[in-house]
Amino acid sequence: MRGFLYFFETIKGLLITAKHLIVNSFFHTLNYIFRIKTKRKGSVTYQYPEEKKPLYPRDRTLHKMMFRDDGKPRCVGCMLCVTACPSDCIYVKAEEVDGEKIATTFIVNVNRCAFCGYCVEACPEDAIRMDSGKLDFVGYSTNEMVLNLLKRN
Amino acid sequence: MSVWLIALIKIIVLFAWLMLFALYATLLERKESAVIQDRHGANRASIFGISSFGIFQPFADALKMLFKEDFIPDFADKKMFKFAPVLTFFFSSLVIIAIPFGEPIKIGDKTISLQLINPDIALILIFALSSMSIYGVILGGWSSKNKYAFLGTMRATAQIISYEVALIFSVISLIMVYSSMKLYDIVLFQKAYLWGWLPRWGIFLQPLAFIVFIIAAIAETKRAPFDLPESESEIIGFFVEYSGIRFGVYMLTDFIETIMLSLLITVLFLGGWHIPFIERTGLSANWIKAIEIIGFQIKTFLVFGFLLLVRWTFPRYRFDQLMELGWKTLVPISIFNLIVTAIVIGLL
Ligand code: SF4
Ligand code: SF4
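In order, the protein sequence lines correspond to chains D and S.
Numbering follows our numbering, in which position 38 of the first sequence is assigned residue number 38; successive positions increment by one, without gaps.
Numbering follows our numbering, in which position 198 of the second sequence is assigned residue number 198; successive positions increment by one, without gaps.
Extracted from the complex, chain S is given alone in its bound form (with noise of 0.2 Å):
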């Protein structure tokens, strides 16, 4: 009984910190780009005067997209079209579930993981979670009957079919490495130390691997450089037909999986909730657990930040030029690296 509880309010406080993190996603990509700029950014919603830098921001943004129309064209397969962009949501946001936040905690005798589920096959999991998301956008775009929301599809799906494979690739070596695939073991692998000062992180271990995963993640989550699926300029996206609440959804599912690929860089990569020397320091060990839970989201803030940076320092790639990134130079990059990662480790 009381564990069906925990993870009641497990999921509840997830699902919480997921909405809230999306919410305020949408307020810091909008600062993050106008301080890059040189602008101020959104800072006028105010509640009784009180604007505070915008901080009501996605509140007002969500109000407006409620109350705009909710459009559905004739020609549209209507069911299709209204479960589409539910389906890309659910499934994005279902990566969330096999996350470790942090070192279990004790509360009176019951030990809690951070963690709704722990599976053995975690990292299968999360990429087989994330690349359903794709569903959602191709039902989206097929049935809205628009050419150009067509063509969006089209681009989606080859942009995320071919990037999948050096990611993979690049999160096999990861494994060799790790040799489990259980996120919460993954971290506790991490938290030693290499010749006794360098953290034994995935950053570290696997250079080439964290920038092939990096890149070909971004392609993954449809965002610039890498907006071809949505390219503003010229077909608009699979989305064009959607407006109001549903198009919110779309939108909201593009932060989504952003946090979902800093979570995951974070655990896979920046060592999860692990701090540097701070076992050395003498603090309690629920002291440590406490600043780690912290340190854990502040990484993941940090790596969202730079997700920002990237998308808002580069153009968009021609597509031609996207599939040769993706076939051209990830693929063999990840091979090579899986190939020197399976020696190095066949010798040690």
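Chain D extracted, bound-state conformation (with noise of 0.2 Å):
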């Protein structure tokens, strides 16, 4: 009796996995065939440099400088980054512009930056954010890593 239970059990299994492929290539045979998209997609996985997963808004990304509307940074080198950071990756200059103190550089070394969020937290004039959504950014060599965050591109 069990042996029939067990056999009939092994059947119910082979037909899942049945239908899992059969619905699926269906839908890959659709999607990537015939170049039909529909909202199944016949995987939960992302193909990656194509197709990224989509953030959620606090996501911790990239360093990236906010800038006033004359195109100043609106960081004010308080320093207050600097002390927040516990990599200590942040060095800032400021220098006075038009009566103004004003940042000049601004280097992130991402290198050993833990993503942490301390600094954004810190900031008192929101000048610097993590919500870039570049997550993706790679070097040849750790001097690439070293971001000066005011060059605007």
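It is worth saying that the hints were derived from the structure and are not from the lab.
Just so you know, not all the hints are guaranteed correct.
[To be verified] Calculated cross-link-like contacts (lysine to aspartate or glutamate; reagent style DMTMM-like; alpha-carbon spacing at most 25 Å):
| # | chain 1 | residue 1 | chain 2 | residue 2 |
| --- | --- | --- | --- | --- |
| 1 | D | K39 | S | E32 |
| 2 | D | K151 | D | D98 |
| 3 | D | K52 | D | D131 |
| 4 | D | K53 | S | D38 |
| 5 | S | K110 | S | D185 |
| 6 | D | K72 | D | E121 |
| 7 | D | K41 | S | E32 |
| 8 | D | K41 | D | E51 |
| 9 | S | K328 | S | D74 |
| 10 | D | K12 | S | D38 |
| 11 | S | K289 | S | E279 |
| 12 | D | K12 | S | D320 |
| 13 | D | K64 | D | E51 |
| 14 | D | K53 | D | D136 |
| 15 | D | K64 | D | E50 |
| 16 | D | K12 | S | E279 |
| 17 | S | K145 | S | E32 |
| 18 | D | K134 | D | E51 |
| 19 | D | K37 | S | D320 |
| 20 | D | K19 | S | D38 |
| 21 | S | K328 | D | D69 |
| 22 | D | K101 | D | D69 |
| 23 | D | K12 | S | E32 |
| 24 | D | K64 | D | E100 |
| 25 | D | K39 | D | D98 |
| 26 | D | K64 | D | E9 |
| 27 | D | K39 | S | D38 |
| 28 | S | K145 | S | D70 |
| 29 | D | K93 | D | E121 |
| 30 | S | K110 | S | E324 |
| 31 | S | K110 | S | D120 |
| 32 | D | K151 | D | E125 |
| 33 | D | K52 | S | D38 |
| 34 | S | K64 | S | D74 |
| 35 | D | K64 | D | E95 |
| 36 | D | K19 | S | E164 |
| 37 | D | K37 | S | E32 |
| 38 | D | K41 | S | D320 |
If you follow the hints, you should be able to join the two separate chains into one complex; please do so.
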């Protein structure tokens, strides 16, 4: 008796995988051979470089400097972010420009950054943000990972 | 002279067919497992930017295997270590010589059978050859002089020997029904109908033998759910010391064994190239022959897909459960089936 039940359960298992196979291959065929976009994809994975997973608004990605309307950076060189940073990766140098203290150098060493977001929290001017959406930054050497945030691109 | 030429051409075609099928079997397995698990599977290998769902993947894999370091451990028995994968590969791919692929075709005034040899003892030959391939596994595990490889070998040997019994018993009941061991005659036997509508296929005549055969044969191919010889999570298996193309040969042998199994299931149980009721459609004989040859390939492909489905559905047995299934379930069932078959044939 147990043997029979076992046998039927194995058949049931086979049917489950067969269902996945048939349904998913149907949607794969539609989407990738006939190029008909359907709402259901047939897979739960993202084809990474072409297809990016949507980010949550609170996700912390690469740092970004905010600029004022007149093109000057919002950073006033108060060094709060430098103090807050646990990894000691921010270097700020400020000078007086038009009677105002403005950062002229703002370097983030991403090699050491822990993406903790403390710098964003610390900033009183909302000058530094981590919402650029960039996650796939790479370089051939560590020097390429030392970013000058004041360079606008 | 021309007989030898024809045989040579047949050998080349068969070998090319087998290698191509085996190469693409690796891709098929990856794709099918991926699709079952809601993934995409290998689809990145591309030539000049054309990737087309990974159809170049097998070649990329083969290249990778070829260029990997061919490492032979110092403590291994070098000659045996090198010889073992070739041995399994040779014996398991030799099974194909007796498989008929279709009705004989006529070219000019010559009749060419789509079968390399048609010996009287084809079934015995096939099972002898496929059990010979265990020697490669034994030699490979033994000559590695690694205790995990050795464990894998012991498991493989015990498993294959105990499942051979049930396999052969189920095949004996088939032979009793077909009253022939020639694979060609077996297919011809299946080309008839019971009561005018049910194809006289092995699966309908011997359903119990079919189930036993398929389970025992999956165990013979050493794939999940019977992959104890190479259980990746515990002992890695009899080829733990193999690397590069030598490992690749072992892996390919696995697929070749599965292909042979699907060929055998098609021939023995699914009526070979017979497509039910095709002779009643009124097509010309040549068309029927061509359709049947394609039908044989499709059947083999579907059986292969089914075996992959089995492989990706069930978790692995424990070793005592494996032995229990073999000796306490499959052997009694197959002997029971044998006796019932004998009685029914005696009464008819
Ligand atoms: S995210 Fe954290 S570690 Fe990175 S720069 Fe800001 S404070 Fe430093
Ligand atoms: S980024 Fe913000 S916290 Fe850091 S120095 Fe500039 S103003 Fe101060």
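Here is how each hint holds up against the structure:
With a CA separation close to 22 Å, the supplied pair D:K39 and S:E32 stays within the 25 Å bound. In summary, the hint linking D:K151 to D:D98 is supported, as the alpha carbons are separated by about 20 Å, within the 25 Å threshold. Distance hint between D:K52 and D:D131 is fulfilled; the C-alpha atoms sit about 16 Å from each other, no more than 25 Å. This hinted pair checks out: D:K53 and S:D38 have alpha carbons roughly 16 Å apart, not beyond 25 Å.
The straight-line distance between the Cα atoms of S:K110 and S:D185 is roughly 21 Å, inside the 25 Å bound, and the hint therefore holds. For the hint linking D:K72 to D:E121, the alpha-carbon distance of about 21 Å falls within 25 Å, and the restraint holds. For the suggested pair D:K41 and S:E32, the alpha carbons sit about 16 Å apart, so the restraint of at most 25 Å is met. Of the pairs offered as hints, the one joining D:K41 and D:E51 holds, with about 13 Å between alpha carbons and a cut-off of 25 Å not exceeded.
Annotation: proposed proximity of S:K328 to S:D74 is violated, straight-line Cα distance about 43 Å (limit 25 Å). Annotation: proposed proximity of D:K12 to S:D38 holds, straight-line Cα distance about 19 Å (limit 25 Å). Taken as a hint, the S:K289 and S:E279 pair is honoured in the structure, with Cα atoms around 10 Å apart against an allowance of 25 Å. Taking the CA atoms of D:K12 and S:D320, the gap is near 24 Å; set against the 25 Å cutoff, the hint holds.
Taken as a hint, the D:K64 and D:E51 pair is honoured in the structure, with Cα atoms around 23 Å apart against an allowance of 25 Å. The straight-line distance between the Cα atoms of D:K53 and D:D136 is roughly 12 Å, inside the 25 Å bound, and the hint therefore holds. A threshold of 25 Å between alpha carbons decides the hint, and for D:K64 with D:E50 the separation of about 23 Å falls inside it, so the pair holds. At roughly 36 Å between alpha-carbon atoms, D:K12 and S:E279 are farther apart than 25 Å, so this suggested pair is violated.
Annotation: proposed proximity of S:K145 to S:E32 is violated, straight-line Cα distance about 35 Å (limit 25 Å). For the hint linking D:K134 to D:E51, the alpha-carbon distance of about 14 Å falls within 25 Å, and the restraint holds. Restraint check: the Cα-Cα separation between D:K37 and S:D320 comes to about 49 Å, which exceeds 25 Å; the hinted pair is violated. Restraint check for D:K19 and S:D38: the C-alpha separation of about 11 Å stays at or below 25 Å, so the hint holds.
Of the supplied pair hints, the one linking S:K328 and D:D69 is violated, its CA atoms being roughly 83 Å apart against a limit of 25 Å. Restraint check for D:K101 and D:D69: satisfied, since their Cα atoms lie roughly 16 Å apart, inside the 25 Å limit. Distance restraint check for D:K12 and S:E32: the Cα-Cα separation of roughly 18 Å lies within the 25 Å cut-off, and the hinted pair is therefore satisfied. A C-alpha spacing of about 22 Å is found between D:K64 and D:E100, which places the hinted pair at or below 25 Å, so the restraint holds.
Distance check on the hinted pair: D:K39 and D:D98 sit about 55 Å apart at the alpha-carbon level, beyond 25 Å; violated. For the suggested pair D:K64 and D:E9, the alpha carbons sit about 56 Å apart, so the restraint of at most 25 Å is broken. Distance check on the hinted pair: D:K39 and S:D38 sit about 15 Å apart at the alpha-carbon level, within 25 Å; holds. Between the alpha carbons of S:K145 and S:D70 the distance comes to roughly 17 Å, so the proposed pair stays at or under 25 Å and holds.
Restraint check for D:K93 and D:E121: the C-alpha separation of about 20 Å stays at or below 25 Å, so the hint holds. The suggested pairing of S:K110 with S:E324 is violated, with an alpha-carbon distance near 53 Å, which exceeds 25 Å. For a cut-off of 25 Å, the pair hint linking S:K110 to S:D120 stands: about 23 Å separates their Cα positions. Proposed proximity of D:K151 and D:E125 is supported: the alpha carbons are some 19 Å apart, at most 25 Å.
Only pairs whose Cα atoms come within 25 Å are accepted, and D:K52 paired with S:D38 is accepted, the gap being roughly 17 Å. A C-alpha spacing of about 24 Å is found between S:K64 and S:D74, which places the hinted pair at or below 25 Å, so the restraint holds. In summary, the hint linking D:K64 to D:E95 is supported, as the alpha carbons are separated by about 20 Å, within the 25 Å threshold. For the suggested pair D:K19 and S:E164, the alpha carbons sit about 32 Å apart, so the restraint of at most 25 Å is broken.
Restraint check for D:K37 and S:E32: the C-alpha separation of about 22 Å stays at or below 25 Å, so the hint holds. A distance of roughly 42 Å separates the Cα atoms of D:K41 and S:D320; the hinted pair therefore is violated under the 25 Å criterion.
Hint compliance for this structure: hints 9, 16, 17, 19, 21, 25, 26, 30, 36, 38 are not met, and every other hint is.
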